[in-house]
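Same order as they appear, the protein sequences are chains A and B. Numbering follows this note's numbering, with no gaps: position 175 of the first sequence is 434. Numbering follows this note's numbering, with no gaps: position 372 of the second sequence is 373.
What the hints contain is simulated information worked out from the structure, not anything from laboratory work. Predicted, not measured: the structure shown is a model, and the values here were computed from it. Careful, some of the hints might be misleading.
Claimed, not checked - Derived Cβ-Cβ restraints for the label pairs, each shown as a range:
hint : chain 1 : residue 1 : chain 2 : residue 2 : range
1    : A       : Ala531    : B       : Ser226    : 46 to 52 Å
2    : A       : Lys401    : B       : Ala270    : 54 to 60 Å
3    : B       : Ser226    : A       : Gly410    : 48 to 54 Å
4    : A       : Pro616    : B       : Gln419    : 55 to 61 Å
5    : B       : Gln419    : A       : Leu386    : 39 to 45 Å
6    : B       : Ala270    : A       : Ala531    : 44 to 50 Å
7    : B       : Ser162    : A       : Ser366    : 36 to 42 Å
As the list claims (entries may be wrong) - Derived, one-sided and incomplete: chain B residues facing chain A with beta-carbon distance under 7 Å:
hint : residue
8    : Pro207
9    : Leu208
10   : Leu274
11   : Gln278
Said to hold, decoys possible - Far from chain B by the CB rule (all over 10 Å, computed), these chain A residues:
hint : residue
12   : Asp475
13   : Arg498
14   : Glu530
15   : Glu537
Beta carbons: idealized from backbone N, C-alpha and C, even for Gly.
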Amino acid sequence: MKEFDVVIVGGGPGGYAAAIRASQLGLSVALAEREALGGTCLNWGCIPTKSLLHSASLLTQIKAADGFGIAVEGVSFDLEKMVAHSREAAGQLSQGVKQLMRKNKISVFEGEAEVIAVGSVKVGDELLATDSIVVATGAVQKSLGDIAIDGKHIWGAREAMTPKRLPKRLLIIGAGAIGVEFACFYQALGSHVTLLEVADRVLPTEDHEISGVVGDALAQQGIELRLGQGIEGLRSNKRGVEAVIGDERQIYDAAVLSVGVQGCLAGLGLEALGVEIENGFISVDSTQMTNVPGIYAIGDVAGAPCLAHKATHEAMIVAEVISGGGAHPLEKARIPGCTYGTPQVASIGLREQDADPTAIRVGRFPLYANGKSVVSGHTQGLIKTIFDRQSGALLGAHLVGEGVTELVQGFAIAIGLETTEAELISTIFPHPTMSEAMQESVLLAFDRPLHL
Amino acid sequence: MPREIYLVKVGMTMTEGMVSEWFIDDGAPVSKGDMLYALETEKVNLDVDAEMDGIVKHSVAAGVMLAPGDVVGYIFGPEETIPADFAGVQSSSAPASTQSEVPAETVAVARDDQLSVAAVTAPSASEAAQGASGNEGSRTQEGRLKASPAARRLASELNVSIDKLHGSGPGGRIVEADVKAAADKGGSSQTQAVAARRSDPTNVSPLARRIAETRGIDLSLVQGSGPNGRILQADLDHLPTQASAQKMTPVGPSAGSVVPVRGMRKTIASRMLQSLQESAQLSMDMTASMDDAVRLRTQLLKEWDGDARPTYTDLVIKATAKALVKHPMMNSRFDGSEIVLLEAVHMGLAVAVPDGLLVPVIRDAHSLSLKEIAIESARLANAAREGTLGLDDFAGGTFTVSALGMFGVNSFTPIINQPQSGIVGVNQLFDGVTWEGDKPVKAKQMNLSLTWDHRVLDGAPAAEFLASVVEFLSEPYRLLL
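This is chain A alone, in the form it adopts within the complex (with noise of 0.2 Å):
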């Protein structure tokens, strides 16, 4: 038997940072993986998908070149080619955490973990001793229903994000995050992508004004929108799928299942130790410990929102409280979160429907009044700041267009740092760049526009 101060379960973005800022700490740390550092995030997340995406860009935008004065003649594209690059980036920066974990002196173990008892994790063959486990286990896809992935024509993300060959017609089921960003992917491609969706817009944790810039934007592109109606049946046969909704019955080459994702637990014992799962997510405190003494859990597992920030950002503030220094509680409000479509779309904080409208400024900066738009051609979009009234605090800030992706930083020290709108007016903001909008939207909520 060996032993450690921590055993972390996972080797994700929040598995993975835990154990090296746990071994700054001075704890040793062995770290348990099944398949690949890294986690569904750079594997089969986040950056395969941005790779993909950044190659549909380049095509669209090649295609496009016309109106910038550039002739293209005979464009097509590889799709074998696109994947492999993109597997090959997620290859690229598995290996890089491998050597942050040699660097940093973490001991990583492959195989299944199974947490045995308090203090105790088995990886294979191999039963480790511990005073803290860590579980970071992440998350995989829900299925609907009696729909399950098949992987022929049925797919969840991964085989969305690997395919063989490009589908004539595809069905995307579940227009969140996921599920947008690989409906502008296909249809940038050629595929005839119908979204569907049961709430009545995509996007639909964003601001509402935000979704339905978004929705417009995809309508626009070419892109089926089938809002506020749920799929009542999905059968796989040799050619494609057979689709029931509403009504209707349609043919599709394939089809993505992208309807949330739910806590990794399976084999890992936790129920068997008492700990308390809710809704498939392990429940923990604000110290990201469980109701068990000794059991921790971070990222996905523990709870929405699923994104790979928050679960590096936990990982801080687990590493601190077991080596028995403090931390600041996560504040949910100030967790960005990114969609990478066509349009992008980044948001932080307070949504304009959760506010009461007499409580707050609300500005509105259109991009096509942002000179480096205008020249980039990416004049589809809006940024969207949210004040307090009274107090003139930023409360959330929400951003759709080409860029904003890379700006939202911005509004998330603003908030982190409390500021007001008095301190982001006085800030000098260069020219010419996006981010100019970020403080005319300012401006706009104090009804001072300088440029519109």
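Fit chain B to the known structure of chain A by using the hints.
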């Protein structure tokens, strides 16, 4: 070299204490063996003797809380001159210095018959360190920094790194003036920033500053919870606004004189609150017939003729000790996961003293005769009132008896002395009534008030225990067996 007078450490658990009285005035001569100062800790008071002849200089006024090992003054030898810039006396009450390590030689343990302890002087090796470079002159050979408590406090307030200062006090000791000079020099911008923050905090989020302005909150009174103590919006949420605070004033009670909570009062306050918070206490009363006990006591007073004077409390102690042997669950300690039954009965005896309450312990009460208990309880009660109890007299109680009968009390709910499981309250003897058939008969009676820890045992066994005590008192001749 003047010799340092330390705040003596008494017992291993002493964390703070004070000079409650200087017997030798500042600047007055003292002879070796004279009583120098009175030490008061949360547990004991004792007198400390002078170690050598000389002139006494105080560096701390009476009543200032300090950590054991802190210097409270100096004795200057007959040939030594007292420097003109000798550090002034610190008079206001200050938090105990965090520097609490003490040279081993200064540790003294009080014994009941030997309550005055020699003040131990600094190791002479410190003199050898004098003249070394940097602030080495301000360190003893063991590396302990020589700095006055006032200097340490001021340094922490002004955020001056005291270990970088050069001491100008006696023996290279760092005094307040050194810290002030360093702060005034503004050697570090940090010092200035911290000094400035004391009046107008700078580490405030813009939002918190704006809210504070509109609500009239004095930010210098707010404790920040953000990174590096940054004051955030949330830190203001639970504060009353100044306006509402002012509104409150006329209806609130106006403050009279203030009694500082320190020493014994502080200990009692925290122990009693802790006891109620940490255990499941409840109380019950039971009445004992005391006619026979009154007769027995009268006989014993005659028979022992001044050798020992048994009190009713002594009878209760003896009865309780016997009952504890019969009901061992009550003589126990609750440990969270287990209940530890204790073999010996060490009976705590709550004694009221002028400024508080002491609970000395009658050791092995279960094996002492009633006479031995009477003698020991009298000794402990006297020592408690005279302030001459030693540390051993307090140690290891397993159960407690507390008497309020002499104040006319008929029933009360005593608080358990942690980590014990019970306490018996002794009430006044009164003329009660018993019934002989239909005829009321006057009878001497006494209520016993038991508080016990429900985590350890339930009502039924607790009642059985109390019934045993009552039974022994009602048939008191069994107490002589």
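Any hints this thing doesn't respect? Which numbers, in order?
Numbers 1, 10 and 11, in rising order.
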